[in-house]
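Using the sequences and the hints, build the whole thing.
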Amino acid sequence: MAHAKPMICFVEDSDIDFEMALLATRRVRPDAEVRRCVTFHDAVRTLGDADLSLIVLDMNLPDGNGLEVLRHLRNLGMREEVSVVVFSTSANPNDREGALQAGANEYVQKPSRTEVFLEAVGTFVERWA
Amino acid sequence: MSQPDDTSYHVDLNNCDREPIHIPGAIQPHGCLLVYSSEEQYLTGYSKNAPQWIGRVPKFGEPPEASFSNEFVDELRDLLKFSGGIVHHIAYPPPTAASNAATFTSAAAHHHDGQILIELERPSQEGANARLLRSLPLRLNLANQRLQACRTPDELYQTIAREVRELSGYDRVMVYRFLEDGHGAVVGEAVDERFGRFLGLHYPATDIPQPARRLYLLNTVRSIADIEATPADIVRDASVDHRPLDLSYSCFRAVSPIHIEYLRNMGVRASMSISIIDNGKLWGLIACHHYEPRSLSFEDRAACEILGITVGTYLTARERDRHNEIVSERRARHALLMRRLAAADHFAESLAESSDSLRELVDADGVAVCWRGGPTSSGDTPDSSLVAELATTQLLGRDAIWTCQSLVNECGYEQSRLGPSRGVLAVPLATPDLYGLLFFRNEYIHEVHWAGNPNKPAEVQGNGVRLSPRRSFDEWSETVKDRAREWSAADLDIADDIRGGMIELLGRRAAQLAAMNAELRRLNDDLDSFAYAASHDLREPLRGLNHNLYMLAEELKGLPEQPPGIAKRREAIGVLCDRMDDLVQGLLRLSRAGRGELEREELELRAVVRDAIAMAWNDGAPEDVSITVEDDAGPLKADYACLRELLANLLSNAAKYNQRPVKSIVVRTRRDAGRRTRMGDPPIVVDVEDNGVGMTADQIPRAFEIFRRLLQSESYGDGTGAGLAIVKKIVHRHGGEIWVDSTPGIGSTFRFTLEASD
Numbered sequence: 001m002a003h004a005k006p007m008i009c010f011v012e013d014s015d016i017d018f019e020m021a022l023l024a025t026r027r028v029r030p031d032a033e034v035r036r037c038v039t040f041h042d043a044v045r046t047l048g049d050a051d052l053s054l055i056v057l058d059m060n061l062p063d064g065n066g067l068e069v070l071r072h073l074r075n076l077g078m079r080e081e082v083s084v085v086v087f088s089t090s091a092n093p094n095d096r097e098g099a100l101q102a103g104a105n106e107y108v109q110k111p112s113r114t115e116v117f118l119e120a121v122g123t124f125v126e127r128w129a
Numbered sequence: 001m002s003q004p005d006d007t008s009y010h011v012d013l014n015n016c017d018r019e020p021i022h023i024p025g026a027i028q029p030h031g032c033l034l035v036y037s038s039e040e041q042y043l044t045g046y047s048k049n050a051p052q053w054i055g056r057v058p059k060f061g062e063p064p065e066a067s068f069s070n071e072f073v074d075e076l077r078d079l080l081k082f083s084g085g086i087v088h089h090i091a092y093p094p095p096t097a098a099s100n101a102a103t104f105t106s107a108a109a110h111h112h113d114g115q116i117l118i119e120l121e122r123p124s125q126e127g128a129n130a131r132l133l134r135s136l137p138l139r140l141n142l143a144n145q146r147l148q149a150c151r152t153p154d155e156l157y158q159t160i161a162r163e164v165r166e167l168s169g170y171d172r173v174m175v176y177r178f179l180e181d182g183h184g185a186v187v188g189e190a191v192d193e194r195f196g197r198f199l200g201l202h203y204p205a206t207d208i209p210q211p212a213r214r215l216y217l218l219n220t221v222r223s224i225a226d227i228e229a230t231p232a233d234i235v236r237d238a239s240v241d242h243r244p245l246d247l248s249y250s251c252f253r254a255v256s257p258i259h260i261e262y263l264r265n266m267g268v269r270a271s272m273s274i275s276i277i278d279n280g281k282l283w284g285l286i287a288c289h290h291y292e293p294r295s296l297s298f299e300d301r302a303a304c305e306i307l308g309i310t311v312g313t314y315l316t317a318r319e320r321d322r323h324n325e326i327v328s329e330r331r332a333r334h335a336l337l338m339r340r341l342a343a344a345d346h347f348a349e350s351l352a353e354s355s356d357s358l359r360e361l362v363d364a365d366g367v368a369v370c371w372r373g374g375p376t377s378s379g380d381t382p383d384s385s386l387v388a389e390l391a392t393t394q395l396l397g398r399d400a401i402w403t404c405q406s407l408v409n410e411c412g413y414e415q416s417r418l419g420p421s422r423g424v425l426a427v428p429l430a431t432p433d434l435y436g437l438l439f440f441r442n443e444y445i446h447e448v449h450w451a452g453n454p455n456k457p458a459e460v461q462g463n464g465v466r467l468s469p470r471r472s473f474d475e476w477s478e479t480v481k482d483r484a485r486e487w488s489a490a491d492l493d494i495a496d497d498i499r500g501g502m503i504e505l506l507g508r509r510a511a512q513l514a515a516m517n518a519e520l521r522r523l524n525d526d527l528d529s530f531a532y533a534a535s536h537d538l539r540e541p542l543r544g545l546n547h548n549l550y551m552l553a554e555e556l557k558g559l560p561e562q563p564p565g566i567a568k569r570r571e572a573i574g575v576l577c578d579r580m581d582d583l584v585q586g587l588l589r590l591s592r593a594g595r596g597e598l599e600r601e602e603l604e605l606r607a608v609v610r611d612a613i614a615m616a617w618n619d620g621a622p623e624d625v626s627i628t629v630e631d632d633a634g635p636l637k638a639d640y641a642c643l644r645e646l647l648a649n650l651l652s653n654a655a656k657y658n659q660r661p662v663k664s665i666v667v668r669t670r671r672d673a674g675r676r677t678r679m680g681d682p683p684i685v686v687d688v689e690d691n692g693v694g695m696t697a698d699q700i701p702r703a704f705e706i707f708r709r710l711l712q713s714e715s716y717g718d719g720t721g722a723g724l725a726i727v728k729k730i731v732h733r734h735g736g737e738i739w740v741d742s743t744p745g746i747g748s749t750f751r752f753t754l755e756a757s758d
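Heads up: the sequence lines are chains A and B, in that order. Per full-length UniProt numbering, residue 1 is the first one in the first sequence, and the count goes up by one each step. Per full-length UniProt numbering, residue 1 is the first one in the second sequence, and the count goes up by one each step.
Some hints here could point you the wrong way.
Rough simulated footprint, nothing fancy, chain B against chain A, three-plus residues with beta-carbon under 8 Å [said to hold, decoys possible]:
1) 11–21
2) 89–96
Just a sample of chain A residues kept apart from chain B, beta carbon distances all over 10 Å, derived [what the hints assert, rightly or not]:
3) Arg26
4) Thr39
5) His72
6) Arg74
7) Asn75
8) Leu100
9) Asn105
10) Val108
11) Pro111
12) Ser112
13) Glu115
14) Glu119
15) Thr123
16) Glu126
17) Arg127
Think of the hints as simulated: they come from the structure by calculation, not from any bench. Virtual Cβ for every residue (Gly too), placed ideally from N, Cα, C.
Next comes the structure, spelled out in structure tokens:
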């Protein structure tokens, strides 16, 4: 569901990962409004009432698990229209399954190589934002 | 109506093992027998010579008072209170109603099988022995001291014979010991110098038939006063009891005609034997021979019996002491050996090293330790095929010790296969890997001196129907061959200890192994977890490195002038990052190959190869690679993801280490007929054959080590070195094996199974 002016929030504690994700997002949706949360606490507070179209969650946050954030948001009655992509280093099939079960629309593993990384972010932003 | 007992039972050597010698229907004539019914106490039988003893012909149905004093009869009734078979001495002579009868000073009475048997006897002959008997307690005390002073068994046997001869006055007193197979030998002897010595002579088992041995246990002293005397038949009241009179406990019981003939052939006129009983078994006899008629009084016999019991206890206690001494000395060595084995790192090796100590424990000449894979022998043993045969017949599935003294005579084995061995002691251990121990003893050639040829115990007489006991007792020497020394009770005791000790040791080792395996598995799991965590956590900084490198390149683009060398350095760092990424990925895949549950399903090899190709090369196999599948052996039972990973690694290796224009790979399945899976089928082997560069023999073992690359990466493209380690891990997790046949310059064939097999 494409908004006129999509709002995307990255829950991401790595500065360089966020920087690259922002770069990739700008390439495909230059008009998008991009926000960033670094901690679990930060994310829960910000995401509840914002008019978001896409949330990109990292699994490993300094103060908690991204999946917990997701469950929390869904419990708070977050709107159905908000898409959630879990974007994580883990290649563990359990993590993928856990994310989908917790209500994520997609699970994407973070590629190590930058070109591939940029392409992956571009793809899911285009798809869900 | 009166009639003698039926004595028409025809006895010869063919049936003397069944001769009913306890119901001879007669007694020896130097005594007299009166039989009363136990319940009503009236006369039911008497020996024909009774009138000479009681002065009148007894009448059936009369009470004992008709012949004996009231005091005598009171004592007779008293003995009924005791168990049957106990012989009581009753001293109330002479009988009231027999003023004109022969005098008798002594009567012995017992009850047995519903009858009271009274045996009358004459006063003992006053002689040299009577004087000694007057101080019987002192005499026995002296004998006791002399016996105690004996140091060796032989000395003890001689002393027993001498003491009994002094006490009894017989011409010859022998200590006769039963040996294996029931035959016996004279081990001690005291004899009047007028007669030859029997010491050391052996007598065949047939000389003392089974019924006689049974009676020797019941009735420990028996005597024959004169073999030439005509027995006095017993007259029975046939209207009362039709059964023959049981004389098992009678001291005057008439003697078997066969035995009479046997003694006559030896020139013996009178005899007495005292049983030596050990633990309910007949150990031997004190056999007394006299060359004139001779009978002992009740008191004389009682004295001999007491001495017999005393020496019996001495003998058996001595033997037990000796046995215990041997056993406890060997037990100490056994305990030492077991401790050594328990502490050993390599059980099989240290058992092999200990084989000399092991065989010395049971005094054997050789020992074979029989493993599932075959025996390891030391010392003198039969040839290995015979050892293997004995392991199968006497150890496998057995749970008791088995012995054999002559593998030739008892088991029918060819001498040529036996080597020096003749005897065997088999100790089964009933464990899956160690079947047990076989101890061997060499041939023991020795001479046995028989009293007459034991192989011709009988002679055919007259018309050839009647067999009689042997006539010749001339010494006859036999050389015993093809036999080993008998396995002694001490040998068997220790063999039992060895069996118990080894079983305990093996059990303990099995438990230790299980614990070690569990610990290893845990360490392996830890290692897998570590590899996973490490590889996972390494990826994040690596990604950061890549990103920064990317940004660096972007920023360099913005500069008006490219600083020299910077682009080259950036590129080099990029290559190193990619390489590190490959390594981390490899480690991650390896750790994943060892984690998670296996889900076995039936898989078509062709389909899995197709998916593996897709995994190894994103765009399908390169054009110069030809992959053929021959899956004739049917579907494989394996975990899909694992098998795909395995094949992807082997295929990409096969293509990578190959310089030919056409890189040909064949993936083939076949059944290995030489092996069996747990289900009993031949296992499926998968071969992955290439025409690549191959490996040398010393490269092969290192090929499966993680991150070990045998060839320089420049020539063969990138590779992490985790590939074959992953392959091996997957094969092992399936319980299978992997091996490789390779020729440098020709190619390699990796072969693996995916299930356990022997």
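### Query
Any Cβ of chain B at or closer than 10 Å to A/Ser112, or is the non-interface label fine?
5 Å, violated
### Query
Would A/Arg74 pass as off the interface with chain B, using Cβ distances and a cut of 10 Å?
A/Arg74 is indeed farther than 10 Å from all Cβ atoms of chain B, at 27 Å.
### Query
Mind checking, does the segment 11–21 of chain A have 3 or more residues with a CB under 8 Å from chain B?
holds (count 5)
### Query
Is the nearest Cβ of chain B still more than 10 Å from the Cβ of A/Thr123?
With a cut-off of 10 Å, A/Thr123 remains clear of chain B, as the shortest Cβ separation is near 17 Å.
### Task
Mind verifying the non-interface call on A/Arg26? Its CB should be farther than 10 Å from each CB in chain B.
Its Cβ never comes within 10 Å of chain B, the nearest being 13 Å, so this holds.
### Query
Once the closest CB in chain B is found, is it more than 10 Å from A/Asn105?
23 Å, holds
### Task
Measuring Cβ to Cβ, find out whether A/Pro111 lies farther than 10 Å from everything in chain B.
A/Pro111 is in fact no farther than 10 Å from some Cβ atom of chain B, at 8 Å.
### Query
Just checking, A/Asn75 versus chain B, shortest CB gap more than 10 Å?
29 Å, holds
### Query
Was A/Glu119 rightly flagged as not at the interface, with every chain B Cβ beyond 10 Å?
12 Å, holds
### Query
Non-interface claim for A/Glu126: all C-beta distances to chain B beyond 10 Å?
Consistent with the label, A/Glu126 stays out of reach of chain B, its closest Cβ about 20 Å off (over 10 Å).
### Query
With d taken as the least Cβ-Cβ distance between A/Arg127 and chain B, does d exceed 10 Å?
Holds, since 22 Å exceeds 10 Å.
#### Entry: chain B versus A/Glu115 - minimum CB to CB distance exceeding 10 Å, so not interface
At about 8 Å from chain B, A/Glu115 fails to clear the 10 Å cut-off, so the statement is violated.
The structure shown violates the earlier hints numbered 11, 12, 13.
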